[in-house]
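Here are the chains, one letter per residue:
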Amino acid sequence: MQLVEKIVKGERAAIAKAITLVESSKENDKKESRKLISELLNKPGKSIRIGFSGPPGVGKSTFIESFGRYLVEKNYKLGILAIDPSSQITGGSILGDKTRMIEISKNPNTFIRSTPSRGSLGGISLGTREASIILDAAGYDFIFIETVGVGQSETMATNLVDIFSLIVGPGSGDELQGIKKGITEYADIFIVNKNDGDLKSEASKTASDYKSAISYYKKSSDVADKEVLLVSAIEQTGMEKVIETIQNIVLQNKKNKNFDERRAKQFTYWIEEEVREIIQFSIQNKIKEDGSISKFSQKVMDGEIQMFDAIEAITQNLQNK
Amino acid sequence: MKTKNSEKYTKWQKSFERETKIDLSEASSDTDEGIKIKPVYTKADIENLSFVDNDSLPGQLPYTRGPKASMYTNRPWTIRQYAGFSTAEESNEFYKKNLKSGQKGLSVAFDLPTHRGYDSDDDLVMGDVGKAGVAIDTVEDMKILFNDIPLDQMSVSMTMNGAVLPVLSSFVVAGEEQNVNKNLLSGTIQNDILKEFMVRNTYIYPPDPSMKIVADIIEFTSKEMPKFNSISISGYHMQEAGADNVLELAYTLADGMEYVRAALSKGLDIDDFAPRLSFFFAIGTDFFMEIAKLRAARTLWYKIMKDFGAKNEKSMILRTHCQTSGVSLTEKDPYNNIIRTSYEALSAILGGTQSLHTNSFDEAIALPTDESARIARNTQLILQNETGVTNTVDPLAGSYFIESLTDELSKKAWEIIEEIESLGGMTKAVKAGVPKLKIEESATKKQAKVDSGSRVVVGVNKFKNPKEPKVDVRVIDNNKVRDDQIKKINDIKASRNQKAVDESLAKLVAAAKEDSNLLACSIDAIKNRATVGEVSKALEQVYGRHFATSLSVSGVYGKHFEGDEDYMNVAKKVNIFEEENGRRPRVLIVKMGQDGHDRGAKIVATSFADMGFDVDMGPLFQSPKDVAKDAIENDVHAIGVSTLAAGHKTLVPELMKSLKKIDPNSKIVVFVGGVIPEQDYDFLYENNISAIFGPGSNIIESAETVIDLISDKIHKNN
Chain A
1 MQLVEKIVKG ERAAIAKAIT LVESSKENDK KESRKLISEL LNKPGKSIRI
51 GFSGPPGVGK STFIESFGRY LVEKNYKLGI LAIDPSSQIT GGSILGDKTR
101 MIEISKNPNT FIRSTPSRGS LGGISLGTRE ASIILDAAGY DFIFIETVGV
151 GQSETMATNL VDIFSLIVGP GSGDELQGIK KGITEYADIF IVNKNDGDLK
201 SEASKTASDY KSAISYYKKS SDVADKEVLL VSAIEQTGME KVIETIQNIV
251 LQNKKNKNFD ERRAKQFTYW IEEEVREIIQ FSIQNKIKED GSISKFSQKV
301 MDGEIQMFDA IEAITQNLQN K
Chain B
1 MKTKNSEKYT KWQKSFERET KIDLSEASSD TDEGIKIKPV YTKADIENLS
51 FVDNDSLPGQ LPYTRGPKAS MYTNRPWTIR QYAGFSTAEE SNEFYKKNLK
101 SGQKGLSVAF DLPTHRGYDS DDDLVMGDVG KAGVAIDTVE DMKILFNDIP
151 LDQMSVSMTM NGAVLPVLSS FVVAGEEQNV NKNLLSGTIQ NDILKEFMVR
201 NTYIYPPDPS MKIVADIIEF TSKEMPKFNS ISISGYHMQE AGADNVLELA
251 YTLADGMEYV RAALSKGLDI DDFAPRLSFF FAIGTDFFME IAKLRAARTL
301 WYKIMKDFGA KNEKSMILRT HCQTSGVSLT EKDPYNNIIR TSYEALSAIL
351 GGTQSLHTNS FDEAIALPTD ESARIARNTQ LILQNETGVT NTVDPLAGSY
401 FIESLTDELS KKAWEIIEEI ESLGGMTKAV KAGVPKLKIE ESATKKQAKV
451 DSGSRVVVGV NKFKNPKEPK VDVRVIDNNK VRDDQIKKIN DIKASRNQKA
501 VDESLAKLVA AAKEDSNLLA CSIDAIKNRA TVGEVSKALE QVYGRHFATS
551 LSVSGVYGKH FEGDEDYMNV AKKVNIFEEE NGRRPRVLIV KMGQDGHDRG
601 AKIVATSFAD MGFDVDMGPL FQSPKDVAKD AIENDVHAIG VSTLAAGHKT
651 LVPELMKSLK KIDPNSKIVV FVGGVIPEQD YDFLYENNIS AIFGPGSNII
701 ESAETVIDLI SDKIHKNN
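Sequences listed follow chains A and B, in order.
If you read the first sequence in our numbering, its first letter stands for residue 1, the second for the next number, and so on.
If you read the second sequence in our numbering, its first letter stands for residue 1, the second for the next number, and so on.
Hint data in this document are derived by calculation from the structure and do not stem from the laboratory.
Note that the structure is predicted; figures quoted are calculated from it, not measured.
Ideal Cβ positions, reconstructed from N, Cα and C, are used throughout, including at glycine.
Mixed in with the good hints there might be a few duds.
[What the hints assert, rightly or not] Stretch by stretch, here's where chain A covers chain B in the computed footprint (C-beta under 8 angstroms, at least three residues):
no. : segment
1   : 121-133
2   : 487-498
3   : 554-566
4   : 581-589
5   : 604-618
Assemble the whole structure, with the sequences as input and the hints as a guide.
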């Protein structure tokens with residue numbers, strides 16, 4: 001397949017087309033996509049996938065711009081997959097991430113792709129996982145995955161990335177109570193942004209709130225410690241510490257096999273999901289062809305048969321097909 | 001309310017309802033400002049007004065009726081036409097010609113690189129040099145600009161906000177080298193940075209240091225240049241960007257309050273600088289509303305300044321320049337613009353402006369020609385000399401409608417001013433992006449009204465001209481201008497004392513670090529022949545360059561089209577497209593070069609998204625290369641280039657080249673929208689542009705064209 005070679009060579013247009021393919025909702029494209037991904041899985045790169053999440057207004061994109069700039073200056077290749085919300089009414093979307101990633105979007109060592117959420121929450125059904133495989137094969141050192149809101153933390157952390165980081169703003173310590181459990185479980189790194197100007201002392205206080213919160217977390221011996229970091233995206237300070245922490249966590253987790261286990265688990269999830277999707281799709285088709293649902297519903301309405309008996313009959317019917 | 005129930009009124013109401021077959025309570029018209037205009041006004045409407053004093057006379061507080069007692073009966077308003085053409089030489093010729101034909105003041109338009117603090121030889125500004133105004137790189141250009149124009153006699157207004165320091169410095173030095181001391185220089189520098197963050201985007205530094213520069217200039221001029229207006233607080237660009245009159249009025253005055261505070265923080269006494277603050281408003285086609293706006297502006301400013309503790313009467317009087325609305329001009333049937341401009345000019349005069357610029361009818365398409373500029377100027381000369389409008393001061397005073405409207409506008413604006421104050425003033429509000437978003441929302445609503453036909457624009461969405469007239473426009477050879485400027489820069493750099501330049505720039509940087517006044521240091525650097533770009537870059541080392549994050553409204557456009565057939569048709573096409581292609585049509589909307597007018601781009605983005613497109617928004621000030629990378633990485637179906645500053649002839653071919661360079665097989669559809677003279681259409685089509693949408697294009701129709709173009713391209717490839 002020519003596309004695979006072009007991706008491996010890092011051709012920008014080929015990578016972009018491939019991502020379009022894995023994101024497509026067309027049945028034909030899905031088949032093509034599976035073929036492509038299975039070939040790419042044989043050509044793994046060495047990228048680290050890092051997830052970024054956080055409530056709106058904490059400067060997520062600004063942080064990514066700032067941290068990204070730091071990385072490309074160090075000659076790393078950086079891929080960014082950003083998920084933007086689609087309108088629930090019109091289905092359309094405005095993808096504005098790049099207005100906040102001005103410098104890195106110009107840099108030849110970056111690849112930045114925005115994806116409309118199309119009603120999906122975690123980014124999985126959008127082909128984000130497949131997109132990260134494409135960027136991995138294309139030789140990107142780091143792949144950032146940015147999602148909207150904190151609600152998707154769990155899906156992202158468990159299904160998509162090697163390291164999951166939560167970006168928060170000064171003064172967010174109070175909200176901590178409410179989301180503590182999810183956070184302590186899923187985030188590997190807490191990044192307190194806006195450690196600058198008037199907000200400095202507030203940021204420090206927030207950082208210590210988070211530190212004490214994660215200290216309650218029962219640490220399993222073979223997993224890397226969770227870290228709380230103070231940064232200023234605007235002043236580009238604290239970035240060295242972020243990359244150091246990421247590299248440390250990767251190193252430690254690789255040593256104790258946790259890194260590979262996490263990826264293996266993600267594969268299991270993936271397989272399960274694909275299987276589920278395929279079955280669901282075929283069953284939907286069967287239901288459509290079969291027509292017994294409407295037939296039995298009528299019988300239920302007419303009082304000829306009990307509802308639950310009807311359901312059992314329909315399921316039996318479908319299973320025998 | 002007594003009068004309302006009078007016998008006469010009841011009788012009138014009956015007649016009205018019989019004639020119109022409409023219940024009177026349903027008969028009001030809604031304005032953009034959310035004001036209900038009633039079919040009739042009576043004495044009752046001007047009783048118990050909140051801001052307006054019915055007994056006041058012109059030149060008396062609260063100055064609703066005008067800043068002066070005699071107004072135009074003594075001296076008519078100043079005809080002040082804003083112009084700037086590519087090079088200093090050309091502009092100078094133009095100014096001299098105009099002064100001979102009866103114009104009294106000069107108003108300089110600069111090109112975008114100058115606004116943004118870049119020299120003409122900077123790679124970033126390739127397509128922008130000499131477009132939409134004159135390029136000033138050094139004081140030598142400024143000297144040419146005013147060659148044979150005695151600066152001690154001519155009042156000069158300069159539209160400059162970003163690079164205020166080097167440009168004002170160049171003006172001062174040009175005066176000095178004409179043997180005119182700075183204390184004799186008269187005129188105005190716009191120096192209104194806050195509105196740049198809201199609408200025009202020709203800022204350089206972040207809001208806080210930008211405010212410091214504003215305050216420095218107010219401080220310096222109040223001490224050293226007593227005849228010079230240190231700031232022109234401008235609502236003009238807000239209305240141009242789509243703000244309704246209440247927003248324009250409120251945000252402009254709120255900006256004014258912020259500048260007053262900035263100057264006070266320098267330790268100045270309010271009465272030392274406040275008399276030199278001036279204002280600048282847009283005058284659109286809503287005839288009575290515009291008159292009321294100017295009257296309300298004076299009324300509110302009086303209140304504001306009194307609250308600040310001003311004692312000098314002059315501090316409390318709002319003096320303003322006005323310009324007829326550029327956004328009301330249409331590309332279609334362009335001679336209609338002469339008529340629009342005439343009514344707008346009359347509005348400004350009845351509102352009591354101190355000076356006026358009337359737009360040329362071809363300005364929706366290009367910079368004015370000598371001929372169109374003459375017609376524009378004559379519009380004012382006819383008003384002054386033939387109509388008799390100068391014989392009576394504030395002739396509409398006492399009109400139930402005008403007085404009531406003035407008061408209502410004042411009330412509505414005051415609410416918004418209080419809202420901004422509660423956010424901690426305009427600098428904070430601007431940082432939070434509140435005003436920008438409000439203006440964009442208002443702009444989108446206005447566009448939707450025109451596109452849906454609920455607002456008539458003659459020659460555009462109704463009464464179209466079956467035979468569009470061909471209009472000759474001014475053509476600029478941008479590459480030649482740039483080459484000439486580069487040569488001049490190189491000559492100056494070769495002949496100047498480099499050591500003196502370096503030292504004065506180092507002093508400027510030091511002054512910025514220790515927070516002392518920057519204008520004096522900047523004047524020294526410019527005197528030593530440092531360039532505008534060098535001065536700006538020196539400060540950039542300390543302050544950084546500002547990049548605005550951009551928020552977008554959504555759903556505002558679509559709301560006006562619920563049930564609209566054309567709209568639903570496009571939305572349906574989008575859904576079919578998605579089924580066929582596995583994703584929605586995806587369009588990247590971009591601005592390239594230094595043109596920061598992003599209203600059009602924003603409206604197109606939000607309305608396309610409302611119709612179901614996936615719309616990528618590029619940042620401002622992108623190079624064609626950046627746009628190509630962005631477009632290809634996101635695998636968009638189409639790129640829409642918004643261009644309002646004449647950069648398209650350089651930037652669009654550059655974009656096409658960059659696309660091919662990254663992807664030789666690129667199938668991306670490229671379309672262009674904005675201000676594009678018809679003469680350039682063929683050139684753009686030859687460069688494989690698929691569609692061109694001029695000002696006044698209907699967005700729904702444009703969206704349909706775009707989706708059809710995309711579908712065609714996909715089918716051709718299969």
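Hints versus structure:
1. 121-133: This one is violated; 0 residues, fewer than the three required, reach chain A with a Cβ under 8 angstroms.
2. 487-498: violated (count 0)
3. 554-566: holds (count 3)
4. 581-589: Three-residue rule met by the segment 581-589 of chain B, so holds; n is 4.
5. 604-618: holds (count 13)
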